[in-house]
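**Student:** Chains A, B and C supply the protein sequences, listed in that same order. Position one of the first sequence corresponds to residue 1 (full-length UniProt numbering), numbered consecutively onward. Position one of the second sequence corresponds to residue 1 (full-length UniProt numbering), numbered consecutively onward. Position one of the third sequence corresponds to residue 1 (full-length UniProt numbering), numbered consecutively onward.
Since the hints were derived computationally from the structure, they do not count as laboratory data. A hint or two may mislead.
Below are the BS3-like pairs computed for lysine-lysine, each with C-alpha atoms no more than 25 angstroms apart in a straight line [unchecked claim]:
no., chain 1, residue 1, chain 2, residue 2
1, A, K211, B, K5
2, B, K62, A, K241
3, C, K319, A, K56
4, A, K28, B, K5
5, B, K5, A, K214
6, A, K241, B, K5
7, B, K5, A, K196
8, A, K211, B, K62
9, C, K205, C, K250
10, C, K205, A, K83
11, A, K3, C, K155
12, A, K265, C, K84
13, A, K25, B, K36
14, A, K12, B, K36
15, B, K53, A, K241
16, A, K83, C, K250
17, B, K5, B, K36
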Amino acid sequence: MQKSKHLPAGRKDRTMVLVDIRETKSVKASDVFLQVRPGKDFELITLLRAMLREQKVTDDQIAETGLTREQCVDFLDRAKAAKFGVFFFGMGLSMTRGKHMNSAALLTLAAELNAFTKFVAMPMRGHGNVTGADVIMRWQTGYPFGITFNRGYPRYNPGEFSTVDVLVRGDTDCAFIIGADPGATMPQPAIDHMAKVPTIVLDPHVTHTSKLAKVHITTAPAGIAAPGTAYRMDEIPLPLKPAIDSPYPSDEEVVRRINEAVAQKADWLGTRPQSIQHQPIS
Amino acid sequence: MSELKIINNATCTFCGCVCDDIQLHSDGNRIHKAVKACVLGKAWFLNHTGDKKYPDAIVDGKETSVEEAIQVSADLLYDADMPLVYGMSNTTCEAQKECVALADQLCGLLDSHTSL
Amino acid sequence: MLRVTGGKVFDPANGINGEVRDLCVDQGRFVGSVDGGKTIDATGMVIFPGGVDVHTHVAGGSINFARAMTPEDHRRTQAFIRTKTRRSGIGGMAPTTFATGYLYAGMGFTTVNEAAVPVLSARHTHEELSDIPIVDKSSLVLMANNEILLDLIEKGELERAKQVLAWYVSSAKAYGVKAVNPGGVAAWKYGNDAKTLTETISGYKTLTPGNVVTNLAKLVDELGFPHPIHLHCNNLGAPGNISTTIETMKHLEGHRAHLAHLQYHAYGGDDWTTMRSEAAQLAEYFNAHPNMTTDAGAVLFGDTVTITADGPWQHLLYKLTGRKWGNLDVENETGCGIVPYTYKPSNLVNAVQWAVGLELLLLIDDPWRVFLSTDHPNGACFWRYPEIVKLLMCADFRNECMRKLPVSIMNKITLPEITREYTLYEIATIMSAGPARALGLKQKGNLGIGADADIVIYNQEDDVEHMFGHPRYVIKGGEVVIEEGEIRETPDGREFIVQPKYESDTEAFLQPLFEELYTMQFENYPVEMERIEHPDIQECVPVE
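Working from the sequences, and respecting the hints, build out all of it.
**Tutor:** What follows is the structure, encoded as structure tokens:
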């Protein structure tokens with residue numbers, strides 16, 4: 001593991017606390033394992049925040065989360081004594097009961113720990129370059145996901161414009177799927193709707209989604225046969241170095257050509273003047 | 001089989017860690033070794049080949065050309081009232097920018113894996 | 001080809017003060033005469049060279065984090081609707097890249113300098129810069145808390161430090177060097193800060209912020225970058241920080257330097273309740289030392305989002321406001337704090353800040369050395385510059401605004417005693433000619449033959465805020481991009497960079513250190529030239 005000026009002994013200078021609902025293989029790699037009861041993440045984080053502020057917390061409240069007071073105190077002592085703490089969190093937190101409230105609670109705990117030491121939180125991103133999608137959507141539209149352009153400019157409303165919701169409600173009438181296989185992972189009503197409307201898939205493989213789609217285009221796998229850039233989950237971009245020659249075009253090329261083909265058609269919005277107005281200042 | 005070429009400091013895009021210290025041994029068609037890659041990364045690199053395993057494109061279950069599929073896609077997306085552009089995880093930033101431009105041009109919906 | 005006739009030309013770089021002149025443009029530059037082509041009749045109108053922003057934050061990890069943190073602002077602000085040739089966008093506190101280009105061009109600015117790029121974020125920043133249309137761009141890479149450089153400076157290995165600096169700037173495709181809170185951001189890794197120039201930096205044996213300031217300024221001069229060291233001083237925002245700022249300026253004697261957003265560095269008093277303006281003291285020292293330039297970093301009342309590599313300061317601001325706080329850490333040398341903020345006239349501290357920004361602009365007597373800026377988005381958003389122009393040009397309006405401030409601050413500021421009003425010639429200097437010269441961009445900020453044909457044509461109006469917010473025409477590189485407040489064309493901008501030479505053994509020296517300190521491979525770091533949108537390499541001329 002990386003050694004640094006601040007942690008010259010590498011792994012030995014680091015403490016890894018694993019929080020999970022069951023004992024996984026990662027337990028062996030960690031120094032401390034905290035087994036939280038399923039669905040009790042929000043409660044646990046809130047109790048830790050209270051204990052950090054030296055507010056009264058009962059043993060019963062702690063026991064409900066599956067942990068003991070000793071475990072909580074030990075964890076907070078370690079966190080406060082750390083030179084630089086990081087919470088890495090994943091879908092086990094953001095996709096279970098409480099959802100974004102769990103993430104918000106964890107971010108708040110990280111912020112509050114800064115009263116004692118440096119502490120940050122970072123989401124563990126599952127798929128390759130999902131961070132790149134977030135980052136690019138933010139600079140081009142102001143929002144990270146869940147966007148509509150139906151008024152000609154970006155608007156954001158997760159729950160309304162996010163894909164599962166759009167599909168389950170049956171709102172969309174054509175789906176363009178790239179670098180993902182929602183046909184394998186989404187709830188059945190969402191999959192059913194994708195099968196009902198014309199769906200277009202770009203993928204290096206014929207996927208579950210391809211099989212229910214109207215159009216499939218095979219593309220070169222990114223980073224293996226197609227060059228470009230990918231963002232690491234800490235938002236650092238890295239160049240990709242293809243190692244094999246693919247008989248298929250890259251995603252970039254295919255989407256660009258679709259864009260060019262759409263641009264040949266009459267514009268939905270027509271041309272209109274865009275004036276630069278004075279913006280409201282509260 | 002052509003001679004193995006070695007690519008140093010290659011970048012793995014299997015997961016969000018995006019390690020960039022992988023050494024790949026490739027014959028141009030297949031990667032034989034992915035040194036320093038983890039179990040997941042090795043499987044990722046070794047599973048792809050340059051073989052033509054799938055048709056270039058499929059429309060309504062029939063094999064067709066990429067150009068034809070692009071035209072059909074453009075027509076479908078343009079004609080839709082509320083087209084959705086979704087995914088963008090396993091692809092490059094360059095393709096993602098094209099996707100944002102596509103949704104913008106279509107007055108459509110744009111979303112990634114993040115919303116899951 | 002284009003001819004602009006009959007306008008009153010304000011071109012301070014060529015000493016032209018409101019004289020009626022014709023301008024001729026061919027192939028994007030000013031020429032002596034043209035035969036044919038379009039003519040714009042600018043009779044009765046006012047003509048400026050395109051605006052130049054010497055210090056702004058428009059691209060990269062920090063502003064992009066700010067965008068994510070402020071969706072509530074995107075909803076209420078101006079939306080830019082897509083057309084066949086123009087991408088959609090959102091304005092506001094942290095505009096999207098496309099909107100950033102539209103908004104800058106919309107008020108007559110054609111060149112912007114992104115003032116803070118962490119080493120590892122260089123590739124990201126260039127990607128965003130290439131998505132900002134119309135304006136030309138440059139960027140400065142953060143160097144004052146880089147462990148490799150700091151170690152070399154501590155050991156006195158300055159020649160090696162110079163080579164390393166040249167490698168970083170060259171590889172990051174930067175235009176120059178930014179120093180933020182020298183040593184303080186390094187100390188933030190230990191939860192500490194560096195508030196004086198002479199204290200040893202946490203984690204070092206002998207190195208002080210003063211050493212870093214002096215040596216970086218020296219190295220930048222020796223490498224001869226067109227723009228001098230661009231310095232965000234230690235102890236930003238704190239009452240009584242005037243002593244740190246004066247001390248910093250003393251450390252810069254004998255070198256060129258640009259001091260960023262001095263408004264945040266000109267306070268007296270001991271705490272928030274006794275905080276007062278020391279702009280007069282600062283201006284007096286500054287006026288006597290011609291080696292330096294500065295930008296105001298002015299504050300305007302209203303909502304904004306603050307973003308800075310000064311991590312410790314942002315933690316303090318979060319604690320003060322209790323609002324959202326984002327903290328980014330970029331391995332090795334820097335990070336960024338983000339806190340939405342509302343400047344209120346009723347708040348004593350904010351009222352002092354508002355006054356200090358204007359006082360500096362009015363008390364620094366040479367308009368070639370103090371420039372219009374709000375440290376966007378920190379003091380206010382860049383698209384509010386016309387409000388500042390009005391405050392500078394109209395003493396009556398200024399006095400009217402001052403009446404809204406708490407009475408108790410009147411003995412803490414000097415603004416009420418200042419009667420100076422800027423002329424159009426001086427506005428053209430602080431908004432265009434001056435910052436272009438400070439950036440070392442000879443082709444910008446002037447209307448002379450051979451310069452880039454970036455022209456702003458204003459209707460002459462009594463309401464100068466409206467006049468400067470709504471140019472009649474904006475011409476970028478000879479092309480009309482804005483006409484009557486409407487966007488016409490959105491051409492690509494280009495990027496100014498420098499490519500300083502370094503000794504051939506620099507990479508062999510740096511690689512093991514780089515790979516020890518960063519989690520990125522050395523070979524993968526340098527940003528390839530083809531990733532830069534229309535690169536325009538500027539020459540380095542060592543300064544004696």
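**Student:** What are the numbers of the hints that this structure violates, sorted from low to high?
**Tutor:** 1, 2, 4, 5, 7, 16
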